[in-house]
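What follows is each chain in one-letter form.
2 protein chains.
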Amino acid sequence: MKHMARKPLPPGPRDERGVLQAQILQQARQQFAANGWAGTTIRAIARAADVDPALVYHYFGSKDALLDAATNPPQRWLDSVVAAWATPRAELGEHLVRNVLAAWTDDEIGPVLRATLLTAAHDERVREKVRLVVERSLIGESTLGTDEADRLRRSGLIASQLIGFAMLRYVWRIEPVASMTEDEAVAAIGPTIQRYIDADLATAAHSGIG
Amino acid sequence: MKHMARKPLPPGPRDERGVLQAQILQQARQQFAANGWAGTTIRAIARAADVDPALVYHYFGSKDALLDAATNPPQRWLDSVVAAWATPRAELGEHLVRNVLAAWTDDEIGPVLRATLLTAAHDERVREKVRLVVERSLIGESTLGTDEADRLRRSGLIASQLIGFAMLRYVWRIEPVASMTEDEAVAAIGPTIQRYIDADLATAAHSGIG
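Those protein sequences? They're chains A and B, same order as listed.
Those letters in the first sequence? Residues 1 to 210, by my numbering.
Those letters in the second sequence? Residues 1 to 210, by my numbering.
Simulated from the structure, these hints should not be mistaken for laboratory data.
Hints should not be assumed to be uniformly reliable.
Remember, identical chains collapse to one label, so a pair may be satisfied in a single copy or spanning two.
Unchecked claim - Listed next, the in silico SDA-like pairs over lysine to any residue satisfying Cα-Cα at most 20 Å (straight line): (1) Lys129 / Ala54; (2) Lys63 / Gly18; (3) Lys63 / Ala34; (4) Lys63 / Pro53; (5) Lys63 / Arg47; (6) Lys129 / Pro176; (7) Lys63 / Gln23; (8) Lys129 / Thr146; (9) Lys129 / Pro88; (10) Lys63 / Leu152; (11) Lys63 / Arg43; (12) Lys129 / Asp79; (13) Lys63 / Gly39; (14) Lys129 / Arg173.
None of the values given here were measured: they were computed from a predicted structure.
Build the full structure now, drawing on both the sequences and the hints.
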């Protein structure tokens, strides 16, 4: 958490170029998330970042490349997912839910996730990132399931619940999901995630129900 | 199911006005879903529907009003949700999953759901429709939970799983979720929905896990 951004700019830039790039990326994420791929222009991003459009082209080359850079998962987030997967198997459901809640409310990670989900439908390369997040990052270093097909199925199901919950809670802000406490969220969807981790999904259609 | 659309145009129009309106709405859903709210123009919709832009304004008044009309949940879908909720409580999870799969693959209903989800982040009124779908339509005539707060919490959780699954499967087409059979989907997420219907969610964080 030492890199948590508290100021308008993401952390880490060592010189003006870094500062300006970070500033442009931050505004790009907001614009892509708010207006979608087709509704966003380099000009509008430059204006919001208070730089010349030529500088945006100079740093990123094209709108495509800028979206690509704006939706790159922060390494700090990928590391946190790997760390979450290192917890004991029986607590994984809870830890993955807590990890998602922390990521979405993080000043640096949240805007990347939002921009990624809100542009994924319109851009094949962003969709590919969602796929990679689902297939690889979300699973971290852990092994899951009995074989590769089972692992992908389980990670897809985990992603479907975590992403759907995040959409309602953070993007659409639909109550009461939006204002559940973290513990309420864990109690509600933690067992769902845990079941996707270790239950027999093929034959569980009518089992485990009270 | 008697109103299932098999031709390019939705069913029901009795005259040219109805045909043209349906044609415009169909193209509007595609454009809003593909390009988002900000990236869509009346002009582009008119071109795709092969009509004059003035006719679009004449029928719908504004881009706002057109989006509103394009994302109105079809009555046939609302009816099918109510019907699904009329099934025995113990089979509700399975029936709600089957209802969602049928809706997304329906020629008339699927495009409305897609346009709604993909524009909800950008337009407060569409978000309000998602909220209504979650709070009201999804629950149909059924009673759920112990009181109004509990009912809304359960319907929000049900929606979070069904919407997240539909995003991966139909919007982002992420494998293997995208090509699961209907029975596999029911076996995988049916028990999740069933748990949100009838389990004790506040204290279930570490129970019911194999």
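Inset, instruction - Taking the numbered hints from earlier one at a time, note which ones the structure violates and give those numbers from smallest to largest. - result: As far as the earlier hints go, 1, 8, 9 and 10 are violated by this structure, in ascending order.
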